[in-house]
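Protein chains in written order, with full-length UniProt numbering: chain A, 1 to 451; chain B, 1 to 451.
Incorrect hints may appear among the rest.
Because identical chains share one entry, a pair is satisfied inside a single copy or across any pair of copies.
[What the hints assert, rightly or not] Quick list of in silico lysine to any residue cross-link-like pairs, SDA-like style, CA-CA up to 25 angstroms:
id	residue 1	residue 2
1	LYS274	ARG156
2	LYS199	GLU431
3	LYS144	GLU27
4	LYS184	LEU50
5	LYS144	ALA205
6	LYS261	HIS196
7	LYS199	ASP317
8	LYS197	THR108
9	LYS404	ARG291
10	LYS144	LEU114
11	LYS69	ARG182
12	LYS320	ASP191
13	LYS184	PHE38
14	LYS69	MET313
15	LYS69	GLU207
16	LYS184	GLN35
17	LYS274	TYR321
Don't read these hints as lab results, they were simulated from the structure.
Okay, here's what each chain looks like letter by letter:
Number of protein chains: 2
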Amino acid sequence: MGKEILFNAISLASPSHQWPGLWAHPESNGERYDQFDFWLDFARTAERGLFETVFMADGIGVYDTYEGKPDAVMRTGGFFPMNDPMVIVPAMAVVTENLGFGITGNSTVEPPFLLARRFSTLDQLTRGRISWNVVTGAMRSVAKAVGVEPIPHNERYDVAEEYMDLMYKLWEQSWEDEAVVRDKASRVFADPDRIHKIKHEGRYACEAYHLCEPSPQRTPFLFAAGASSRGTAFAGKHAEAAFMGAFDKGFARRVVDGYRKAAVDAGRAPDDLKVFNAMTVIVAPTEAEAREIEAECREYTSAEGNLAAMSGMIGADLSKYAWDDPVENIESDAIQSLADAMTASKGGRTVRLRDLAEFNGMPGREGYLVGSTSQVCDELISWVDDVGVDGITLTRNLEPRHIKSFVDLVVPELQNRGRYKTEYRPGTLREKMFGAGPRLAPSHYGSRFRR
Amino acid sequence: MGKEILFNAISLASPSHQWPGLWAHPESNGERYDQFDFWLDFARTAERGLFETVFMADGIGVYDTYEGKPDAVMRTGGFFPMNDPMVIVPAMAVVTENLGFGITGNSTVEPPFLLARRFSTLDQLTRGRISWNVVTGAMRSVAKAVGVEPIPHNERYDVAEEYMDLMYKLWEQSWEDEAVVRDKASRVFADPDRIHKIKHEGRYACEAYHLCEPSPQRTPFLFAAGASSRGTAFAGKHAEAAFMGAFDKGFARRVVDGYRKAAVDAGRAPDDLKVFNAMTVIVAPTEAEAREIEAECREYTSAEGNLAAMSGMIGADLSKYAWDDPVENIESDAIQSLADAMTASKGGRTVRLRDLAEFNGMPGREGYLVGSTSQVCDELISWVDDVGVDGITLTRNLEPRHIKSFVDLVVPELQNRGRYKTEYRPGTLREKMFGAGPRLAPSHYGSRFRR
Chain A
1 MGKEILFNAI
11 SLASPSHQWP
21 GLWAHPESNG
31 ERYDQFDFWL
41 DFARTAERGL
51 FETVFMADGI
61 GVYDTYEGKP
71 DAVMRTGGFF
81 PMNDPMVIVP
91 AMAVVTENLG
101 FGITGNSTVE
111 PPFLLARRFS
121 TLDQLTRGRI
131 SWNVVTGAMR
141 SVAKAVGVEP
151 IPHNERYDVA
161 EEYMDLMYKL
171 WEQSWEDEAV
181 VRDKASRVFA
191 DPDRIHKIKH
201 EGRYACEAYH
211 LCEPSPQRTP
221 FLFAAGASSR
231 GTAFAGKHAE
241 AAFMGAFDKG
251 FARRVVDGYR
261 KAAVDAGRAP
271 DDLKVFNAMT
281 VIVAPTEAEA
291 REIEAECREY
301 TSAEGNLAAM
311 SGMIGADLSK
321 YAWDDPVENI
331 ESDAIQSLAD
341 AMTASKGGRT
351 VRLRDLAEFN
361 GMPGREGYLV
371 GSTSQVCDEL
381 ISWVDDVGVD
391 GITLTRNLEP
401 RHIKSFVDLV
411 VPELQNRGRY
421 KTEYRPGTLR
431 EKMFGAGPRL
441 APSHYGSRFR
451 R
Chain B
1 MGKEILFNAI
11 SLASPSHQWP
21 GLWAHPESNG
31 ERYDQFDFWL
41 DFARTAERGL
51 FETVFMADGI
61 GVYDTYEGKP
71 DAVMRTGGFF
81 PMNDPMVIVP
91 AMAVVTENLG
101 FGITGNSTVE
111 PPFLLARRFS
121 TLDQLTRGRI
131 SWNVVTGAMR
141 SVAKAVGVEP
151 IPHNERYDVA
161 EEYMDLMYKL
171 WEQSWEDEAV
181 VRDKASRVFA
191 DPDRIHKIKH
201 EGRYACEAYH
211 LCEPSPQRTP
221 FLFAAGASSR
231 GTAFAGKHAE
241 AAFMGAFDKG
251 FARRVVDGYR
261 KAAVDAGRAP
271 DDLKVFNAMT
281 VIVAPTEAEA
291 REIEAECREY
301 TSAEGNLAAM
311 SGMIGADLSK
321 YAWDDPVENI
331 ESDAIQSLAD
341 AMTASKGGRT
351 VRLRDLAEFN
361 GMPGREGYLV
371 GSTSQVCDEL
381 ISWVDDVGVD
391 GITLTRNLEP
401 RHIKSFVDLV
411 VPELQNRGRY
421 KTEYRPGTLR
431 EKMFGAGPRL
441 APSHYGSRFR
451 R
């Protein structure tokens, strides 16, 4: 029997995510992203499907490269507006018992002392169901919004390393376990001799006691993603789960190997880092039905919205190119590796601008699955067995249909095949993911900060 | 028939609040401040009592003046640990429909662009039930925790004024109402021509689009408190509700008049600013029973914890003084006005250190009510009729007994006397408070930022 697959459902507090414009589909509830019912329903379904987490992506900039303005993303409701996941997660947590939550938090803009308190509070309230998706760096529009100097790319991970050290000090070092007394008879709540002021100097300065008792996980479960060599090394050292969004299985296998090697280089076991591939799944009882749904999703997806998001990601204004231009003509450092991957996935066919217009829905990727329950399950299992990933991050598409059909069709079939759990493991998110915890593993860098 | 009284229930994400040590009382659930059930139960009771808000106090510093260390507050669980109210409020909001929420947010430490997004997200999710308690300035321990330079006292309100301008730009100026299209037929989510980049330069720099659609209230309902002349002027200009914690009715009347005059000076009507007095209420069917409960509360309250909190507030180490020292001997600028007020409230008797040891529970104040339902109601009504306040902020004591007995005993009696509503008004918190809204009143300074 092969290993069990893990699932995260990714979302974004925006009307649409990877399929800009899809909120306008008659069945979509995307425009209710600003109401509790949207999120409570999503979380309940994810928990019914025994998912590891609802994973909240985030970004506080606006894609304004396309035509030199943000008009296309504003019109199509993809990646803008963008609400704050930090205050949405507590609501979802109230109506669930076992589901974990990923919260994207940007180390460039969030004051570390305040962010540490926010995560500790949430980890306490949820009894250890919180993870932090560590995002570093900031695009120009973010830096201007927050009034900070943009961090040069080569310094970005140095700054992030320092930030992590400060967070570990607050979470792991300030309170000893024995500091928590809570004894009504002696009327002592906490033992001051075991609560320590941490001191940190550098880009960030902090001299303080952490304001919170140790939460179940202390350091929340850590997610990260990094395509660059520094990014991969950062994930290997800090992350307990890493993301990727590979175009094909061959490339994906190299990314998985890269993450595992990075973990080993950081003194950990290769499996101390769970690897999740982002995949689009459109499933129905029959392939024909799934293809129909896919056609509708593509019909409602805005090419302009896709190009606008892509322009922002690669830093090149794609409105300046013609529909049939080969992507090699596009002036962008970031485009070439993408073009190479797309060319490879298309069997060597030339990749043109029109292909990028479909990018966010990701057709053409091997991680883009449209099919019957059985077809989808075969392919999901292949990603685990042949590529070596631990789990899948399901990208949002036509909600709530997408997540409900996945839970109703794919989950029971994977259970029948013995490739999916039939109940949650007890304990915190870390214990559910690793069967061990609730604290950082001794091999994890962060555990060195313990007293 | 006199006017109806408004109520806020104040709390703090800490085991105890004004009564350090009270968490240890056998009936107290204070040590569950880190769990959802504590907050959901509190919010449901407050809504059953038709309260205007659950009001979350906050502070990110630690009182470390007493004995030059924070040991006493740590031991007694009063004001420390201190969790983050921002992620607790969404949980309470999920289980309530009409209750408002006050969230204390410090303009010295929270990045304005991020705080504006957080409040807009919450105001959307709750359909306009959010208020921001604007706190300015930061004690030394806060500045050291967050790694910022402390703001000199005389600059504090200049900085806060600038911060407010930036927040109004984000909330009132960035999105026109008509920017929100949400038309599935034309597939247009928002109209980019009506979403404006705001520009702000100064201590804070921001050049950005607000990331959120206009929330029901746009600018959340605004609370502030300020004892100094600058603080009162700030409240008169920005606040829609102001706090105070007066020792006696005579002094309170002057504070109320001061707030109303400050509103008029800022071009508003005197009643555009609701004034709330903080009061301690211990109520039972008979006065004798109430006195018994009071005796227990006092018995469980730590004098050391009180002195430690007081030392932090006034900036003088009270461990250096003897129990019977008159407070005039204490070297502190802040102590004298307090001593004068206490002396007045004690009919001219000398105020000694031992009186300060009881300060946080506030016995001796006219706003400290212990009695039967009827006695408490008489006195609450007198604060409205004789002093001129609009409402009362109930300080936390022996929870959950305190809030439940208030709702079970005082609320129906006030309703019988025609001095309390029997159902919530429809609409946002602003509409519930003023009967008008949901946006800032045209006379409010913030409304000038509208396009």
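Report the numbers of all earlier hints that the structure fails to satisfy, in ascending order. Going through the list in order, the structure violates hints 2, 3, 4, 6, 17 and respects the others.
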